[in-house]
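Colleague: Those protein sequence lines, which keep their order, are chains A and B.
Going by the numbering used here, the first residue of the first sequence is number 1, and it counts up by one from there.
Going by the numbering used here, the first residue of the second sequence is number 307, and it counts up by one from there.
Honestly, the hints are just simulated from the structure, not real lab data.
Note that CB positions come from ideal geometry on N, CA and C, so glycine has one too.
There could be a bad hint or two in this list.
[To be verified] Some residues of chain A that are not near chain B, with every Cβ distance over 10 Å (derived): (1) Met1; (2) Gln40; (3) Leu49; (4) Leu57; (5) Leu59; (6) Trp118; (7) Arg122; (8) Ser125; (9) Pro142; (10) Ile151; (11) Ala163; (12) Met201; (13) Asn204; (14) Leu291; (15) Ala296.
[Stated by the list, open to error] Covered by chain A, per the in silico footprint, the following chain B stretches (three or more residues, Cβ under 8 Å): (16) 503-516; (17) 522-532.
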Amino acid sequence: MWSYTLRRTLATIPTLIAVISVCYFLLHATPGGPFDSDRQVSAAVLANLQAKYHLDLPLWQQYLLYLQSLLQGDLGASFRYADWTVNDLVGKALPISFAIGGTSMALSLVIGVAVGIWAAIRQNSVIDHVVMLISNVGSAFPSFVIGPVLILVFAVGLGWLPAGGWNNFELRFMVLPVALLTFINVSTIGRVMRGSLIEVMHSNFIRTARAKGLPERVVVLRHALKPALLPVVSTLGPLAISSITAALVTETVFSLPGIGKLIVNGAGNRDYTLVLGLVVLVTVLAVLMNLLVDLAYAMLDPKIRY
Amino acid sequence: MLSPFKLSTCMALCLALVGPSMATDIPAGTQFHATQTMVRSNGSEPESMDPAVAETVPANQILRDLFEGLTATDTTGKTVPGVAESWKQTNPTTWVFKLRTNAKFSNGVNITAEDFVYGIRRFVDPKTASPYATTFGVFLLNGLEVAMGKKPTSEVGVKALDKYTLEIKTVDPISFLPELVANTQLGPVHKATVEKFGKDWVKPGNTVGNGAYILKDWQVNNRIVIEKNPQYWDAANVRLTKVTYLPIEDQFADIKLWESGETDYVYQMPPGVFDKYKAQYPKELKNQAVIGLRYYDFQTKTTFKDVRVRKALSMVIDRDILSKRVTADGQAPAYSLIVAGVAGADPTPYEWATWPMDKRIAEAKKLLAEAGVKPGTKYTFAYNVSDYHKKMAIFAASEWKTKLGIILETEAMEFKVLAKRRHDGAFQIGRNGWLADYNDATSFLALVRCDSDQNTNFYCDREAEALIQKGTQSADPVKRKELLTQASKKIMDGYPIIPLVQYSLPRLIKSYVGGYSELNPQDHYRSKDFYIIKH
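Sequences are here, hints too, so could you generate the full structure?
Modeller: Here it is, written out as structure tokens:
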């Protein structure tokens, strides 16, 4: 398994270089630059600004300079937020996004699996229908609709929780965004879990287990759960990534200073270094998540060997 | 050639401008709340806390609390003494500022004229790459040349005559220099701090300012906390001890935070809700008209060469319906480049502004027919993605379609794309807007002058240009105003742009916040002038 992990890790290097290169040139090809604004700066000032950020050099030279500093772990200076480096910005935003995303992923997994099992073993009952209805609502309604509704009810209406913002990992600021992301993720995990468990419960080995006279609880938890979890695990990778993309919306709705907010602002501001830095980060995370998922497969399915 | 300098005018001007320093006008009998803290929504994340580099409204808003120039703006928009306690114009292009001896940086070091010399030289230095370097630099003697790297920074027209006397030389006679130097870009900077920390000198813990507040905490995209600066010369009159600025971009989220009691001050309400909230919060809703204009540019170089077509299109847009029903946020209709409240020129509304719409339509149809533009003709309109601009664009399209049969195809794009296309002239009709950098007509004239960086309609009227030149070189403010008004009217009769509405900032402010006047046309409200009433 170790050699497999090592091979997979090494294989990410060309992926990373490809992603960075495509992104770098796409970003620079996008019309409008970091210094285009309502107040058109004069040619002299523009030249000063471009020299400051090496934009006066040919693109290939800028690209090589960027790769060089990237190798040294330096994501460069932000074009927009002149007082900060991209490392500063990402370093401060990442823990916030992780706290929100991580907590909601953990909660979604536990709740989603539990709800999925519950609905599956009571297939076609009222409980099953209610669970499926809620889960469909969670999948169908976009987060930019559910988010403001949560704010309206719990912040403006009841006044229990803040409408947004962030204060040093204080719990009350985390509740609504985590609840929103969890709701959306549970909808997916719950549905996948239910479907997969229903299928497994119709397998021959479950019939055998039941024929042996095992209690239903043991049949479900010991025999059916493990194989039924496989599809859930495969959704976790993309789900973790989509938690980051969902953060673009949740962080705007709840005014959270995380990665999503930086991506939105960075792209709009043509903050080349900031966007590239975040792309590198998201790519690394995506590769890492997929690797973890693949490793988890081996643990769940004895047929898989690396 | 300068026109002769009138001593009497100068005397009158100087006397009018130099007054004693005054504390905030707080109504007698006001009872203060025990805790004097406030949370202000501030639109978006400031790009920098370095006064030389800052460009956007949110950044400059906070910087006016952290730094103070020679002068400052009080809550009613009046220019009041800042670090300078008095000033006089010694000849048409020379001003002498007397600094107060008790003004200190937040580290306790006295502020001297040399700190201003350093601050201004650093601001126009090409190495600093300030986006404002030429905007303000153009007024200072050699400022433009220094910003363009053609002269050394030591050549810029600012000199310390002695420890507490600063001389500023300008290119033309500029009556509004005292107001201009309220901008923190032209303020003092503590050299030793900049040299010690480099780029990080603006970070909490490092920064040394001279405003009423000190930067305490800065979490990007989350909050900026400032606290009262005990070293500030007027600290006795500063009420708020702590102010938190929040970068809230979503205008609906802004209102929700205010309604749930987390903020005291909404930055700007979204369009279309003005009447609703006015009914709901009559005491809390404030509407600050600012000197700014929402307008559409014509591409006069290519598509819109014919003034008759430009005039016809401008005439038929009903600004009353636009401002009352479409944007519906308390903004005022505009029929002139110069809006209400701008100094240095008067608004010159079009004659047809008071005509009934039928007459305007008939006239517009006649003009189009003369120009050979038939109903069914198509034009494209470029705007940046935003509900606000979309609403306005749909309205304009419907006005032109129903009244003139002209088809408008709207093209939505990212803001940066629009900015680039404006600059390149790659549009037919383009959305635009302008907030004055300083309260003078020249700030608006820059939008339509020949060879101006801000002119994206590429219109150029050489005769009007000559009037502007003559006006800006005149030392007589009355004459200057007359010439600039005349020039503005002449240019607007060439219809390079369609003036639509004058900007205003409708906002919700808790009734216990005192000091907000609704009289500050540049929205330069300093936290220093606010206080919390007992509640």
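Colleague: Evaluate each hint against the coordinates.
Modeller: Going through the hints against the structure:
Distance check for A:Met1 against chain B: the nearest CB is about 40 Å away, which clears 10 Å, and the non-interface claim stands. Its closest Cβ contact with chain B, about 5 Å, brings A:Gln40 to no more than 10 Å, contrary to its assignment away from the interface. Residue placement check: A:Leu49 does not keep its beta carbon more than 10 Å from all beta carbons of chain B (closest about 5 Å). Distance to chain B confirms A:Leu57 as a non-interface residue, since its nearest Cβ pair spans about 16 Å, more than 10 Å.
For A:Leu59, the shortest C-beta to C-beta distance to chain B comes to about 17 Å, beyond the 10 Å cut-off, and the non-interface label holds. Annotated as non-interface, A:Trp118 keeps its C-beta farther than 10 Å from every C-beta of chain B; the closest such distance is 35 Å. The Cβ of A:Arg122 sits about 39 Å from the closest Cβ of chain B, beyond the 10 Å cut-off, so the non-interface label holds. For A:Ser125, the non-interface assignment is confirmed: its Cβ lies about 39 Å from the closest Cβ of chain B, beyond the 10 Å cut-off.
At the 10 Å boundary, the C-beta of A:Pro142 stays outside the reach of chain B, the nearest C-beta of that chain being 15 Å off. With a cut of 10 Å on Cβ distances, A:Ile151 falls inside the contact zone with chain B, its closest approach being about 6 Å. Its beta-carbon lying about 5 Å from the closest one in chain B, A:Ala163 breaks the requirement of being farther than 10 Å from that chain. Once the 10 Å rule is applied to beta carbons, A:Met201 is consistent with being away from chain B; the minimum gap is 46 Å.
With a least beta-carbon separation of about 55 Å from chain B, A:Asn204 lies farther than 10 Å from that chain, consistent with its non-interface assignment. The beta carbon of A:Leu291 sits about 30 Å from the closest Cβ of chain B, which is more than 10 Å, so the claim that it is off the interface holds. With a cut of 10 Å on Cβ distances, A:Ala296 stays outside the contact zone with chain B, its closest approach being about 34 Å. Given as covered by chain A, the stretch 503-516 of chain B passes the check, having 4 residues with a CB less than 8 Å from a CB of that chain where 3 are the minimum.
Given a C-beta distance limit of less than 8 Å, the hint that chain A covers the stretch 522-532 of chain B holds, as 5 residues qualify and 3 suffice.
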